[in-house]
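Starting from the known structure of chain A, fit chain B onto it as the hints suggest.
These protein sequences, in sequence, are chains A and B. By our numbering, the letter at position 48 of the first sequence is numbered 48, and the numbering carries on one by one without gaps. By our numbering, the letter at position 168 of the second sequence is numbered 168, and the numbering carries on one by one without gaps.
Watch out, some of these pointers could steer you wrong.
Pairs of lysine-lysine, DSS-like flavour, derived with a Cα cap of 25 Å [unchecked claim]:
no., chain 1, residue 1, chain 2, residue 2
1, A, Lys-24, B, Lys-678
2, B, Lys-670, A, Lys-84
3, B, Lys-562, B, Lys-456
4, A, Lys-22, B, Lys-678
5, A, Lys-24, B, Lys-297
6, A, Lys-86, B, Lys-297
7, B, Lys-297, A, Lys-84
8, B, Lys-678, A, Lys-140
9, B, Lys-678, A, Lys-59
10, A, Lys-24, B, Lys-670
11, A, Lys-126, A, Lys-100
12, B, Lys-678, A, Lys-84
13, A, Lys-86, B, Lys-670
14, A, Lys-86, B, Lys-678
Pulled from the structure, derived: some chain A residues nowhere near chain B, Cβ distances all over 12 Å [what the hints assert, rightly or not]:
no., residue
15, Lys-65
16, Lys-74
17, Lys-77
18, Thr-109
19, Asn-115
20, Ile-124
Since the hints were derived computationally from the structure, they do not count as laboratory data. The C-beta atom is built at its ideal place from N, Cα and C for all residues, glycine as well.
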Amino acid sequence: MAELELVGFKLGDENYVVDIMKVKEIIRFVDITNIPESLDFVEGVINLRGIIIPVINLKVRLGLKYADDELSKKNRKIIIIEHKDKLIGMTVDMITKVIKLDSNQIAPTPELVTNIDKKHIKGIGKYEDDNLLIILDIEKILDETEIEEMIRE
Amino acid sequence: MDFDNSEFIKDFLEEAYEKIEIINDNLLNLEKNPEDENILNEIFRAAHTVKGSAGTMGFESVQNVMHKIENIFDELRKKNLEFSINLNDMLFKGMDAINEMITNIENSSEEGIEVDEITTELESFLSDGSGEKKVQVNDENKDDVDISIKLSDIELDIMKQTEKQNGKIYVLTIYFSEDSMMPSVGRFLVMQEVRNNSEIIKTIPDEQELNKDEFIPYVKILVGLKSSIEDIQEKVKIPNEVIKVDIDDFEIETKDNKDDKKTDVEDLKKEKKKIIDKNKTKEKKDIINSLRVDSVKIDELLNLIGEQIINTSRYFRLEDECEKILQKGKRFSNIIKDIEDELPEESIEVYSCLMRSMRELSEEFKEINQMTRRLNNEMQQNTMKIRMLPVEKVFKRFPRMIRDISKELGKDIELIIEGQETELDKTVIEVLGDPLVHIIRNALDHGIESKEERLKAGKDPVGSIRLTASHQGNRIIIEVSDDGKGLDRNSIIKKAVEKGLIEKESKDLMKDSDVFSLIFEPGFSTAASVTGLSGRGVGMDVVKRSIEKVNGSVEVHSEKGKGTRVIIFLPLTMAIINALLIRGLDQVFSIPLNLVEETIKLKKADIYNLKNTKATKIRDEVVSLISIEELFNIPSKERDSFFVVIVEAAGKKVGIVVDKLYGEQEVVIKNLDSYLVKTPGVAGANILGDGRVSIILDINKLIKRVSND
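Isolated chain B, as found in the complex:
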């Protein structure tokens, strides 16, 4: 491309992805309601938009495929074509190709695939005599167009002259294509052809109107011909610009007054507006309701607010200062009480005046600070909400996925989605997709039984998968449940013993929940056969790790013969976490609270010395202890009494020995991305109330490292 379009490309991609999603969603809906005109129209509009912008950007393959899809929907709308599952499969195939091309464009700015085959296949659905009907439809259109033209006296003279020179007078009605990139340029080219081949007497709308850069559905031109009707019809019909050219005989009726002439043009304008409005109303609504903002800008705003919060904490200290001065003042008045009579009256007056001012100042401070605290809080909350997106963004892809996979597996499966309006932080949304794909594929593949098995077990032959999102306190819960055969305790144990994950002897002691959580261990898979969909045993441990990366956690519950539930717990936002602040190594560290099980206070005597580690007993459970120093390979310091933070990390329970606990706090996570401080075990940092920096510990990494040593 010869112009720099990098800026437009971003917009183009965003729009394309959005429209592709709309089309795919509606294709699924269409299977259920193939007659629904709203669905057909929505797909048509979306396809039309993508085709248009792909053309502008010079992505011809996208444009071609989209054009075919658009045509198909045009025919479907007009009922010239009947909907079938076969057609829908083909449409999905076409959309997949477009999606692939758009992804390629995003990555390498090239479309990168051949589309000839797809366009031919799509075309084959169109070629059953639909062309004929199209003309008919356009003829219907023509009925709406009044081909009569009113002329002024001068125009009548011109016409008479032309009639002498060129013979019969005709009315050309030229219908323009809505797809024209530059309507005014297209019209200019058309008019040039008309001029070359005829003598123009009058155009409606007039030339001035034609030069404006907006879409006009058709133009009427009164002409005397210089060449044959066929010739002019062919020359004027410029591809992409003109849909159709009608040539009609012109007969003079009676002369009309000026008012009528005006209404003629007005009507045309109105009609034009109507057509445009029809196309725009839907999109306009979207534009008004949402605004695209670079997420970096929101992060910057959030940073500024964080800074403001820290800054205002200094005012809160001033409040305390005032209080202290007041206390001192009171003490002073006690001291001078006894000698009050000896002091000059004026000094007592000045003193009480001073005290009064001080009290007022203190009250004022308290009030302002209270307000500031509230405002700061709201400001932070609201900005954070801007980063939130409905979980629908992720859920959207599953109806299609389940449709395709259940077809492939020959299973009949119904998907129920609930709570897709639940909002989550953008970062979390981005991470959530792949784990959910894994979980749902597992449910489809291993969870839901075949039709025969289900009938034999007395179940509904149609299996169901439920995907729900809900809010619970400051967590979001996402649950995938199926009504399949459930997890098999015995085969999980057998596999785990085989893989050396557990000791054979311990199997009878294990609770169901402990057995089931074994599926999250690396390299675990119970599937008897490895299919293309899932079951390579890489799924569930990756799921767990991805979710932990965004400070979430995952649980599995199952009942034999009834089904399996996988529950994902996620934080509301990535920017803020609940942390436990502790003291160690002479500074304050933050530990993400989602990993903390409990905290206890211990004395030196509570420690047992095992082989080369220390441990303690908590409610009959042996928990190994690691001091905060040892986490960083520093020799442990001697402590007589200390605190222990019990964490569940890297698959086991460990107690971290620290000097002091400061309690829980919501902290804003800041990145520590500098080559100077790239050390393991540091997950980020946050700024404490007094302005100092506290390091957030990457507990998982630290404990994994210590246990590998």
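For reference, chain A alone in the conformation it holds in the complex:
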């Protein structure tokens, strides 16, 4: 049975996971330089060991509206994703752990499970009894055509 390794993190109170194969590394929160006039979910750019990479705010990108409380600020991390040979950072509220799921533990996305657009979700994972994990589709979230369209608007 195919086993999937996933990195678990929190956005607000909800648990999310992404495929570990897409994750290059996880770094602590650093100063982000804002880019004037960029899209609202683009936090700016950071210096990752001499390379300048863009960072997006995953919560804003997914349209989630959680206030950044003190707790989440303290534990905030940046997940560095490798997408089409380029590095992109994503801010998350807290890293939980690495989770292994068998493919039979993954169900297709039901209607109205969260506030997130269904197209950004790969599926729902069931983990340790009733804990629901939302498996995010990084390719779709970072889709260049969609984002370029947003810039044009």
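Here is chain B on its own, set in the frame of chain A:
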């Protein structure tokens, strides 16, 4: 082609471009010194190389044209053909065709043009009885070749037997072509033909030597013939492999000892080596002195060094930490001074020991850091120098261009080039070509007068254009000057008024330099007639824009009747610029320093409110003010006192209101190429000393946008 040659193609193209340049340069030199053997040889060698590699790659048209050019130079070298301007025009035409084909190969991997006409035309220069002389030359060669062959006893027996069977014994001398792609294969084919048509008694060099994969100028074979002399001559003469076959009678003289036999082969080897060496020495020298490296690799190295510099800045902070601890220690010793007697002696000892160690540590840090700073600096400078190329790369094309155009215009023009060894960043070099072509064409077309006009004005009938490059501080200055008629102030003003670029009333107030700089405005052209060369009015504004793109600037000076000078100022490198660091929008931004005129501090009271903009007066000049927020369409914040950066951008002077000035700094430009951050007004980014990122503003774009709103 049936093998994957993409890797070789790159090498082939690079080599071809290099050799084409060499040939074109030397063709020009040849016009001045048609007898110079060095020039003839150099062209011949370059043509030979390109022909050979084009053949290997299967580009037949390039090979054919180059072959003809090579032949012409071979004849010129041997003085069988006389040099003429007509011939040179034809040679240039041939080289143009080759250049076009090479460019086509680069773009679409096909040669893409018909060359039959060109090869025939080139051939026509060759067909005046030169073939006859060629044989003669080869016969001269033959004189150097000793056709005697020494035989051992066994070989003598074999020979006698063959003589009985096949009659007379002959010596075949086969001269091989240097152009053979695979000399050993060629020889194998030749030997097979020899074997089929004769009985081989002995070959010099021996068969083992013949199987080696290197060029051998000729081979001598002692044979008894199985077919006629004519027959064997024709069969053995395989095209592309064999130049000539001589058949001589063999007569037995006296037997010689073994030592002589050896020297015979040795001589042949030596001769072979001599010929090869002659061809290789020049190229070998080039190989030793330079190394082809992908520029991406250098950029990567530069990135790593930048990273290292940022990393080591953390050590510099440690130096400060040590200093702080020392200061605290001193304060502590002041505090305990009064109660020193009450403390146990040991504690005082431990304390002073601690302080001593701390001082030593601090000293050590200072020393290491000083060294590291110096090394980092040198490392960065040296790596950047690898990216630099001599400006000669661009200047090279102009002698030919001026030759052709002045011929076309019927003007006599001399080109003087100076400082072509001056080095510039590769990126800048690449951008520089087109602007210079525009400027020089303008000088040729509009600057330099016709011969009659020049004589009438009491000038030398030969016009001159001077192209110079020089170093000045951290800038490179490239200047194009001519001794032509100069810019005409009145006609520029007239044109500018017509085009609505200036108000008619302001014309008398304008300084010459302001008038002349109008030629850089889009759509401006003073040429009465539009020629094929220049004068469509798209030239000079494109020139200005291209140069600004690489952070340079351009000026024009002119004196009526005396000439015009166009001066281009360029940064030494594209990877590093001088920037002014400022604070605004709660972060640090970088503004390229080449655009900054000056900085001033102002108070709220210094601002005038015009219709819908704000402005201030600087030395009686009204300068409009734009806040850093407004540049990005964000409502301006209220400031009581602030700094203004006066920039000259998008053709006007504007003051940018910022919160704070941090001063000038050399910054390493990093690309910000991500679809996520594609916003106007961002020219790139750089990493600050503390590791944070600062955005480099594209001032030209930002100001143009604000003024269009």
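Hint by hint, here is what the structure shows:
no., hint, in the structure
1, A:Lys-24 - B:Lys-678, "23 Å, holds"
2, B:Lys-670 - A:Lys-84, "20 Å, holds"
3, B:Lys-562 - B:Lys-456, "14 Å, holds"
4, A:Lys-22 - B:Lys-678, "23 Å, holds"
5, A:Lys-24 - B:Lys-297, "23 Å, holds"
6, A:Lys-86 - B:Lys-297, "18 Å, holds"
7, B:Lys-297 - A:Lys-84, "21 Å, holds"
8, B:Lys-678 - A:Lys-140, "19 Å, holds"
9, B:Lys-678 - A:Lys-59, "21 Å, holds"
10, A:Lys-24 - B:Lys-670, "22 Å, holds"
11, A:Lys-126 - A:Lys-100, "11 Å, holds"
12, B:Lys-678 - A:Lys-84, "17 Å, holds"
13, A:Lys-86 - B:Lys-670, "15 Å, holds"
14, A:Lys-86 - B:Lys-678, "15 Å, holds"
15, Lys-65, "21 Å, holds"
16, Lys-74, "21 Å, holds"
17, Lys-77, "18 Å, holds"
18, Thr-109, "25 Å, holds"
19, Asn-115, "23 Å, holds"
20, Ile-124, "28 Å, holds"
In terms of the numbered hints stated before, the structure departs from none.
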